[in-house]
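**Q** Below, each chain spelled out in residue letters.
Protein chains: 2
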Amino acid sequence: MGGEEVSNKQVILRDFVTGFPKESDFHVRTSSICLKLPQSSKNGVLVKNLFLSCDPYMRILMLQAYVPFPIDSFTPGSVIYGYGVARVLESREPNLKEGDLVWGVTGWEEYSVIEETQKLFKIQHLDVPLSYYTGILGMPGVTAYFGFYDVCCPKKGESVFVSAASGAVGQLVGQFAKLLGCYVVGSAGTQPKIELLKNKFGFDEAFNYKEEPNLDAALKRYFPKGIDIYFENVGGKMLDAVLGNMSIHGRIAVCGMISQYNLENTEGVHNLLNIVLQRIRMQGFECFDYYHRYSEFLDAVLPLIRAGKLSYVEDIADGLNAGPAALVGLFSGRNVGKQVVAVSAQSCN
Amino acid sequence: MGGEEVSNKQVILRDFVTGFPKESDFHVRTSSICLKLPQSSKNGVLVKNLFLSCDPYMRILMLQAYVPFPIDSFTPGSVIYGYGVARVLESREPNLKEGDLVWGVTGWEEYSVIEETQKLFKIQHLDVPLSYYTGILGMPGVTAYFGFYDVCCPKKGESVFVSAASGAVGQLVGQFAKLLGCYVVGSAGTQPKIELLKNKFGFDEAFNYKEEPNLDAALKRYFPKGIDIYFENVGGKMLDAVLGNMSIHGRIAVCGMISQYNLENTEGVHNLLNIVLQRIRMQGFECFDYYHRYSEFLDAVLPLIRAGKLSYVEDIADGLNAGPAALVGLFSGRNVGKQVVAVSAQSCN
Numbered sequence: 044m045g046g047e048e049v050s051n052k053q054v055i056l057r058d059f060v061t062g063f064p065k066e067s068d069f070h071v072r073t074s075s076i077c078l079k080l081p082q083s084s085k086n087g088v089l090v091k092n093l094f095l096s097c098d099p100y101m102r103i104l105m106l107q108a109y110v111p112f113p114i115d116s117f118t119p120g121s122v123i124y125g126y127g128v129a130r131v132l133e134s135r136e137p138n139l140k141e142g143d144l145v146w147g148v149t150g151w152e153e154y155s156v157i158e159e160t161q162k163l164f165k166i167q168h169l170d171v172p173l174s175y176y177t178g179i180l181g182m183p184g185v186t187a188y189f190g191f192y193d194v195c196c197p198k199k200g201e202s203v204f205v206s207a208a209s210g211a212v213g214q215l216v217g218q219f220a221k222l223l224g225c226y227v228v229g230s231a232g233t234q235p236k237i238e239l240l241k242n243k244f245g246f247d248e249a250f251n252y253k254e255e256p257n258l259d260a261a262l263k264r265y266f267p268k269g270i271d272i273y274f275e276n277v278g279g280k281m282l283d284a285v286l287g288n289m290s291i292h293g294r295i296a297v298c299g300m301i302s303q304y305n306l307e308n309t310e311g312v313h314n315l316l317n318i319v320l321q322r323i324r325m326q327g328f329e330c331f332d333y334y335h336r337y338s339e340f341l342d343a344v345l346p347l348i349r350a351g352k353l354s355y356v357e358d359i360a361d362g363l364n365a366g367p368a369a370l371v372g373l374f375s376g377r378n379v380g381k382q383v384v385a386v387s388a389q390s391c392n
Numbered sequence: 044m045g046g047e048e049v050s051n052k053q054v055i056l057r058d059f060v061t062g063f064p065k066e067s068d069f070h071v072r073t074s075s076i077c078l079k080l081p082q083s084s085k086n087g088v089l090v091k092n093l094f095l096s097c098d099p100y101m102r103i104l105m106l107q108a109y110v111p112f113p114i115d116s117f118t119p120g121s122v123i124y125g126y127g128v129a130r131v132l133e134s135r136e137p138n139l140k141e142g143d144l145v146w147g148v149t150g151w152e153e154y155s156v157i158e159e160t161q162k163l164f165k166i167q168h169l170d171v172p173l174s175y176y177t178g179i180l181g182m183p184g185v186t187a188y189f190g191f192y193d194v195c196c197p198k199k200g201e202s203v204f205v206s207a208a209s210g211a212v213g214q215l216v217g218q219f220a221k222l223l224g225c226y227v228v229g230s231a232g233t234q235p236k237i238e239l240l241k242n243k244f245g246f247d248e249a250f251n252y253k254e255e256p257n258l259d260a261a262l263k264r265y266f267p268k269g270i271d272i273y274f275e276n277v278g279g280k281m282l283d284a285v286l287g288n289m290s291i292h293g294r295i296a297v298c299g300m301i302s303q304y305n306l307e308n309t310e311g312v313h314n315l316l317n318i319v320l321q322r323i324r325m326q327g328f329e330c331f332d333y334y335h336r337y338s339e340f341l342d343a344v345l346p347l348i349r350a351g352k353l354s355y356v357e358d359i360a361d362g363l364n365a366g367p368a369a370l371v372g373l374f375s376g377r378n379v380g381k382q383v384v385a386v387s388a389q390s391c392n
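Residue numbers (my numbering), protein chains in the order written: chain D, 44 to 392; chain R, 44 to 392.
These are computed hints drawn from the structure, not numbers from a lab. All residues carry an ideal CB built from backbone N, CA and C; glycine is no exception. Be a bit skeptical, because a hint or two may be false.
Unchecked claim - Cβ pair distances, simulated, as ranges: (1) LYS199/D with LEU106/R: 47 to 57 Å; (2) ASP259/R with GLY62/D: 17 to 27 Å; (3) GLU47/R with LYS199/D: 30 to 40 Å.
Claimed, not checked - Capping the alpha-carbon separation at 20 Å, the derived lysine to aspartate or glutamate pairs in EDC-like fashion look like this: (4) LYS79/R with ASP58/R; (5) LYS280/D with GLU307/R; (6) LYS280/D with GLU238/R; (7) LYS352/R with GLU238/R; (8) LYS280/R with ASP283/D; (9) LYS280/R with GLU310/D.
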C-alpha cells in the first residue's frame with residue numbers, strides 16, 4: 044500500500060512578517076514523505092516540484108492581518124506555497140496522469156500533495172523552456188497580457204509607461220506595447236536593468252528611478268504630452284508622480300504596488316484630484332479573473348515566442364536552499380528579470 | 044445703432060484665491076451695458092441672466108496655477124462665470140432668437156454677451172421650474188445621470204454609497220440608485236441634511252460624517268458586506284475609508300473632491316492597495332464628455348420629474364449681492380440642496 048519513503052526538503056515560514064522580509068524569516072528543513080497519495084484522499088495529485096516562482100504578491104501572504112485575496116495566507120511553521128511547475132507522480136484526477144507536467148499553485152518543497160487541482164494547468168507545449176510556465180506562459184504572462192490588452196485598452200501610437208519594467212510582468216507589458224506600435228518608457232532600479240529594457244526588450248526609453256531626484260521631472264522629460272497608459276507595479280511616490288503626468292482619458296492598470304507591501308503605514312498619494320480633472324480610469328485587476336481565457340492567451344503568445352518576437356529574461360536560483368534569498372530579493376530588486384527557483388539540479392529532466 | 048444703456052450689476056473676483064474662499068475675495072460692482080450686441084460681433088447672443096449656479100468646480104477656476112480643465116480660470120478684476128439660465132435679448136445665432144430661454148456658461152452679472160454659444164442649450168420644456176436648468180436638468184443632472192448609469196455600471200440590489208449626498212449631484216445619484224433597486228447610504232454634514240436624505244430622497248440610511256469619530260467604523264456599520272458603488276464627491280479621508288470597505292469588483296465614480304479644493308497640500312490617501320486586492324475600478328469623469336447625449340438624458344429624467352418620482356431640493360439665494368456668500372458657502376456646507384442665485388426678483392418672469 045505504501046510508497047517509497049523519501050526525504051522532502053521544504054521551505055518553512057517561521058512567523059508572520061512585519062516590514063521587509065528577510066532570509067531568516069524562513070528556514071529550510073528536510074522532512075520525509077511517502078511517495079503515495081494518502082488512502083483517504085478521493086482526488087488530488089502527488090507531484091515532484093521542478094520550478095518555483097518568486098512573486099511579489101507572496102509578501103501579502105506573509106501578513107498576519109486578514110487580507111482579501113484569493114490565495115490564503117501562509118501558516119507559520121508550515122511550508123509556503125506559490126506558483127510552480129511540477130511533474131505528476133500519481134493522480135486520482137481523470138484529466139491528469141503520471142508523467143504529466145503541470146503549472147499552478149504548489150508547495151515550496153521537493154514533493155507536494157495537491158488537492159486543489161482546479162488550480163493546476165496541464166502543460167501541453169514543451170518546445171519552450173519549462174521554467175517559462177512560472178513566467179511568460181504562467182501567471183505573470185496572463186497578468187501582463189490581459190492587464191495590458193483588456194484593462195489598458197491600448198491603441199497604436201499611445202504613450203505607455205511601465206514601472207518595475209524589467210520584472211516578470213513589466214518586461215512583457217513593454218514588449219506587448221511595442222508590438223502594438225506604442226511609445227514605451229520603463230523604470231527600474233539599476234543600470235543593467237535599464238540596459239536590458241532598451242537593448243533586449245526594445246523600450247524606447249528607460250530610466251533608473253533611484254537616480255532621479257524628481258520623478259515628476261523625469262516623467263515630464265519622457266512624456267511631454269502626458270502618459271496615456273500607466274502599467275502600475277510599484278505604487279507610492281511613483282504613482283503620485285504619474286498621476287500628475289497623465290493625459291486626458293488616460294488609463295492606469297493597477298497590477299501591484301511592490302513599494303508598499305513592506306510598509307506598516309503605506310505612503311499617502313496626493314495627486315488623486317487629477318483623476319477627475321483628467322478623467323482617468325484607474326483599475327485594479329488580478330490574473331484570477333482571466334484564467335478561463337488561458338487558451339486564448341496561449342494562442343496569442345506562443346507564436347510570438349516561437350517567432351522570436353517576444354523575449355523573456357529569467358533569473359534562476361539554484362535549489363530550494365537558495366529559495367528564501369531569491370524570494371526576499373524581490374523586494375530589494377536583486378533579481379534581474381523573472382525570479383525563479385529551480386528546485387533541484389534535476390529540474391530540467 | 045446703439046441700444047438702451049442700462050446698469051449691469053456684476054460679481055468680480057478680486058484676486059486668485061488660496062485656501063478657503065471668502066466673501067471678501069469678491070466684490071459686487073454696478074457697471075453699465077448697452078443692450079445691443081457689439082457691431083463687431085459676427086455671432087453671439089446678448090442675454091439677461093435669470094439664475095446662476097454655484098458649483099464646487101468653480102473653486103478650481105479661482106486658482107492661479109494652471110489646471111487642466113475645460114473651463115478657463117477666472118481673471119482677477121473681471122466678472123466670474125459659470126452655469127446659468129438666461130433669456131435671449133438679441134441673437135446673431137440662427138438657432139436662437141429673442142425671447143428664447145437658454146442654459147449654459149454665462150457671466151455672474153445681470154446682462155451678458157455670450158460669444159461661445161456652443162456652450163448654451165436652448166430650453167424647450169417649461170413645465171418645470173426654470174431654476175432646474177441650473178441643477179437637475181442642467182450640468183449637475185447630466186453629471187449625476189451619466190456618472191451613475193455610465194461610470195458606475197449599477198445593477199439592481201447593489202450597495203451604493205454617496206458622499207455630499209444632499210448636494211446638487213448627490214441627491215440625484217441616490218434617487219437614481221433607489222429607482223434601480225439599490226441599497227443606498229449617503230453622508231452629509233448636518234442633521235437637517237441627514238433627514239432630507241432619509242425622508243425626502245428615500246435613502247435607506249444616512250449619516251453625519253462630522254459626528255463620526257471613525258469613518259471606517261461608520262462604513263462597516265452600514266456596509267457589512269462592502270460597498271459595490273461609491274459616488275465620490277469629497278475625496279481625502281472619506282475616500283481612504285471607502286477604499287477600505289469596497290466589495291470585490293467595486294466601482295468608484297470620481298465626480299469631485301470638494302474637501303481637497305481649498306487645501307494647498309492635499310491629504311494623502313493610503314488605502315490604494317485595495318484597488319488591486321479588491322480589483323476596484325476608480326474612474327474620473329466630467330459632464331463635458333456627455334453633453335452630446337443631453338436629449339437622451341432629458342428623455343429619461345423629465346418623465347420622472349413629471350411623475351413625482353424624482354425630487355429636487357434647491358437653496359436659492361436672492362440677488363447678485365448674495366452671490367459671493369452663496370458661492371463660498373458651498374465649501375462650508377452652508378447650502379441645503381442645490382445652491383442657486385436668483386439674479387433679481389424678476390428672475391422668474
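**Q** So, against the hints stated earlier in the document, which numbers end up violated here?
**A** Violated: hints 1, 3, 4, 6.
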